[in-house]
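Visitor: Listed here are the chains, written in short residue letters.
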Amino acid sequence: MDKFTRLTGVAAPLFRANVDTDAIIPSREMKRVSKEGLGEGMFADWRYSDVAARVENPDFVLNRLGYRKAPILLAGPNFGCGSSREHAVWALQDYGIRCVIAPSFGAIFQSNCVRNGILPLVLPEPAVAALATADRPQTLTIDLAAQTVRVPDGTELPFTIAPADKEMLLEGLDAIGITLKRLPAIQDFEGGYRARYPWLFF
Amino acid sequence: MARSLVEKLWERHCVADLGDGTDLLYIDRVLLHERTGSMALKGLKEQGRTVRRPDRAFVCMDHIVDTLPGRGDATVMPGGTAFIQETRAAAVEAGIRVFDIGDRGQGIVHVVSPEQGIALPGATIVCPDSHTCTQGGLGALAWGIGSTEAAHALATQTLVVKRPRTMRVRFEGALSPGVGAKDMVLHLIAAYGAGGGAGYAIEFAGSAVTALSVEGRMTLCNMAVEFAAWTGLVAPDAKTIDWVQGRPFAPKGDLWDRAVADWQELVSDAEAVFDKEIVLDAPSIAPTVTWGTSPQHAIPLTGHVPDPERAADANAAQAQRRALEYMGLLPGDALIGLPINGAFIGSCTNSRLSDLRAAAAVLKGRKVAAGVRAICVPGSTPVKAAAEAEGLHLIFQAAGFEWRESGCSMCFFAGGEHFGKGQRVVTSTNRNFENRQGPGTRSHLASPVTVAASAIAGHIADPRPLLGEA
Ligand code: SF4
Numbered sequence: 259m260d261k262f263t264r265l266t267g268v269a270a271p272l273f274r275a276n277v278d279t280d281a282i283i284p285s286r287e288m289k290r291v292s293k294e295g296l297g298e299g300m301f302a303d304w305r306y307s308d309v310a311a312r313v314e315n316p317d318f319v320l321n322r323l324g325y326r327k328a329p330i331l332l333a334g335p336n337f338g339c340g341s342s343r344e345h346a347v348w349a350l351q352d353y354g355i356r357c358v359i360a361p362s363f364g365a366i367f368q369s370n371c372v373r374n375g376i377l378p379l380v381l382p383e384p385a386v387a388a389l390a391t392a393d394r395p396q397t398l399t400i401d402l403a404a405q406t407v408r409v410p411d412g413t414e415l416p417f418t419i420a421p422a423d424k425e426m427l428l429e430g431l432d433a434i435g436i437t438l439k440r441l442p443a444i445q446d447f448e449g450g451y452r453a454r455y456p457w458l459f460f
Numbered sequence: 008m009a010r011s012l013v014e015k016l017w018e019r020h021c022v023a024d025l026g027d028g029t030d031l032l033y034i035d036r037v038l039l040h041e042r043t044g045s046m047a048l049k050g051l052k053e054q055g056r057t058v059r060r061p062d063r064a065f066v067c068m069d070h071i072v073d074t075l076p077g078r079g080d081a082t083v084m085p086g087g088t089a090f091i092q093e094t095r096a097a098a099v100e101a102g103i104r105v106f107d108i109g110d111r112g113q114g115i116v117h118v119v120s121p122e123q124g125i126a127l128p129g130a131t132i133v134c135p136d137s138h139t140c141t142q143g144g145l146g147a148l149a150w151g152i153g154s155t156e157a158a159h160a161l162a163t164q165t166l167v168v169k170r171p172r173t174m175r176v177r178f179e180g181a182l183s184p185g186v187g188a189k190d191m192v193l194h195l196i197a198a199y200g201a202g203g204g205a206g207y208a209i210e211f212a213g214s215a216v217t218a219l220s221v222e223g224r225m226t227l228c229n230m231a232v233e234f235a236a237w238t239g240l241v242a243p244d245a246k247t248i249d250w251v252q253g254r255p256f257a258p259k260g261d262l263w264d265r266a267v268a269d270w271q272e273l274v275s276d277a278e279a280v281f282d283k284e285i286v287l288d289a290p291s292i293a294p295t296v297t298w299g300t301s302p303q304h305a306i307p308l309t310g311h312v313p314d315p316e317r318a319a320d321a322n323a324a325q326a327q328r329r330a331l332e333y334m335g336l337l338p339g340d341a342l343i344g345l346p347i348n349g350a351f352i353g354s355c356t357n358s359r360l361s362d363l364r365a366a367a368a369v370l371k372g373r374k375v376a377a378g379v380r381a382i383c384v385p386g387s388t389p390v391k392a393a394a395e396a397e398g399l400h401l402i403f404q405a406a407g408f409e410w411r412e413s414g415c416s417m418c419f420f421a422g423g424e425h426f427g428k429g430q431r432v433v434t435s436t437n438r439n440f441e442n443r444q445g446p447g448t449r450s451h452l453a454s455p456v457t458v459a460a461s462a463i464a465g466h467i468a469d470p471r472p473l474l475g476e477a
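Here the protein sequences come in this chain order: L and R. Going by this note's numbering, the first sequence opens with residue 259, and the numbers climb by one from there. Going by this note's numbering, the second sequence opens with residue 8, and the numbers climb by one from there.
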């Protein structure tokens with residue numbers, strides 16, 4: 259997994275509430291048992307005026323001048339709600355998005371982000387709304403170690419993140435590998451657990 | 008100290024406290040399906056890792072498989088065969104039991120797992136699918152995860168999970184006739200918003216929940232995720248225990264007795280404190296239907312589409328405007344009487360035997376209106392068989408419904424079958440998102456009886472008069 263430390267880039271506003279993972283990657287865009295090429299299908303129903311022919315919708319933010327390939331999304335509350343499909347995160351990643359800033363996230367989506375090197379960054383709704391209403395592309399600098407977002411006027415907005423998530427992103431850690439270090443503890447637990455709840459075992 | 012049910016289940020599964028409110032939890036069951044499960048198995052294999060407990064993992068073929076009679080590996084969805092065959096091959100290689108096409112136990116994963124006795128009260132159950140919370144209806148701690156986390160659960164039999172806050176949602180009093188679990192949960196989401204449960208594990212309780220059948224409780228818990236909750240559950244009781252007994256994977260003999268003794272303890276202590284508590288008046292809940300593109304856009308069936316000018320704030324107004332445009336509606340439109348093109352009864356929300364019985368009671372001796380495409384997709388092959396044994400399929404077919412093989416079917420659009428652009432569909436499913444049931448398809452979420460009544464009327468209709476006559 260790619261490490262996430264600092265990121266400077268344009269933030270594209272997509273400030274709608276409850277954007278679901280079906281919208282981020284429509285089911286029909288998940289064509290293969292693979293992560294490859296999902297970026298092309300990202301937001302397909304909004305991004306293309308003719309999805310099949312891939313004709314771009316000029317009004318969609320990521321098709322507008324200065325926002326194309328923006329690495330940061332400014333999103334509305336409950337972003338990534340709905341289906342658990344990790345393809346939504348893989349699509350963002352494949353497109354080049356490294357950070358989504360929103361007032362809140364769908365829980366599964368948020369944890370999928372962390373496991374794929376994308377920073378799900380929570381800022382209060384008025385702060386996201388203020389950034390999202392700027393009339394021209396804005397460049398933000400995100401410093402994960404310092405937990406700050408520097409906005410164009412130089413202000414640094416602090417944000418909070420669960421320490422475990424922060425560490426995983428900063429170090430680009432392999433979560434399974436970390437847990438497997440605890441295998442003796444897991445086995446130990448399992449022994450006692452099995453004695454207490456034997457009907458849960460086959 | 009008094010503890011809630013969620014806290015009790017959490018404690019019994021806690022392998023290690025990882026600090027910062029995060030624990031390593033022991034996982035009893037890992038479920039997979041062909042759309043996301045294949046990626047989990049593939050990911051593991053690429054890392055050179057194996058499935059630690061293949062006997063406690065299960066694969067269901069449900070999402071991409073066709074539901075047309077005579078189906079096989081070929082799919083209407085372009086490229087679907089590869090998902091089916093790659094998942095099957097990976098599962099077989101890992102030694103995981105597959106509820107495959109043609110298997111008598113096949114069906115939608117969240118219907119199959121409880122029905123087979125794989126889901127049990129008190130168990131932790133995960134699946135790379137957001138509606139895993141359905142299984143909370145049995146008193147299990149069941150939640151949806153991503154494919155990478157599923158690989159973690161398969162490799163370690165554990166997951167790293169942040170402790171949720173606890174919420175109790177109590178529905179008190181008796182439901183009115185014609186009102187069911189689907190109406191209850193739509194009512195809740197409409198009242199508190201699609202983000203209202205964010206960060207919470209919800210225990211559904213109160214006399215109206217106790218009075219629900221176990222299947223109704225699963226419907227209620229199914230939509231906890233549409234409320235943005237981490238999961239939802241209902242404490243197991245005598246009804247649950249009866250429902251589980253004798254199922255293929257349920258414990259037997261002495262183990263059964265020990266399990267029952269344990270399950271009887273699975274309740275929140277009287278003094279337990281919840282981070283949040285909501286109390287709703289069950290008798291005042293009406294049959295509820297969505298008008299828009301979020302489950303929070305739900306109103307009583309007899310109501311009128313809201314006016315964005317009167318929304319709580321600018322964001323809500325903008326969302327409502329978008330929704331009205333997508334749905335082809337105007338502020339003030341009445342829901343009752345809106346002409347429909349399709350009616351769908353199926354999905355992990357409402358496709359169990361009790362749902363089909365309720366819909367059949369409305370359909371009996373009646374016909375679907377001309378021009379309405381009506382489809383019924385039983386939640387599992389056993390549900391289908393049980394329904395056929397009672398002759399329910401004859402009622403559906405005589406009314407003009409298609410009677411399908413089990414699967415997710417047109418609950419979501421993956422490139423295969425769909426209702427078509429601009430088509431208005433009343434559906435017993437759980438998501439009315441834009442394009443969810445097909446590009447441009449307009450979905451109105453409702454209970455199975457409301458779907459059945461609407462199919463007959465040819466427009467959104469109140470099921471209650473028809474139930475009265477039944
Ligand atoms: S029936 Fe629908 S909601 Fe349920 S698992 Fe299948 S696709 Fe998901």
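Bear in mind the hints are in silico, worked out from the structure with no lab data behind them. Note that the structure is a prediction, hence the values are computed from the model and not measured. Don't take every hint at face value.
Calculated Cβ distances over 10 angstroms to all of chain L for the following chain R residues [stated by the list, open to error]:
1. W17
2. D62
3. D107
4. I152
5. A421
6. G422
7. R443
8. P472
Partner residues aside, some chain R positions facing chain L, computed with beta carbon under 10 angstroms [as the list claims (entries may be wrong)]:
9. R63
10. A81
11. P85
12. A89
13. V274
14. A277
15. L287
16. D288
17. S291
18. I306
19. T309
20. Q325
21. N348
22. A368
23. F420
Ideal Cβ placement from N, Cα and C applies to all residues, glycine included.
Visitor: Hint numbers the structure violates, sorted upward?
Guide: 2, 4, 5, 6, 7, 10, 13, 14, 15, 16, 17, 18, 19, 21 and 22
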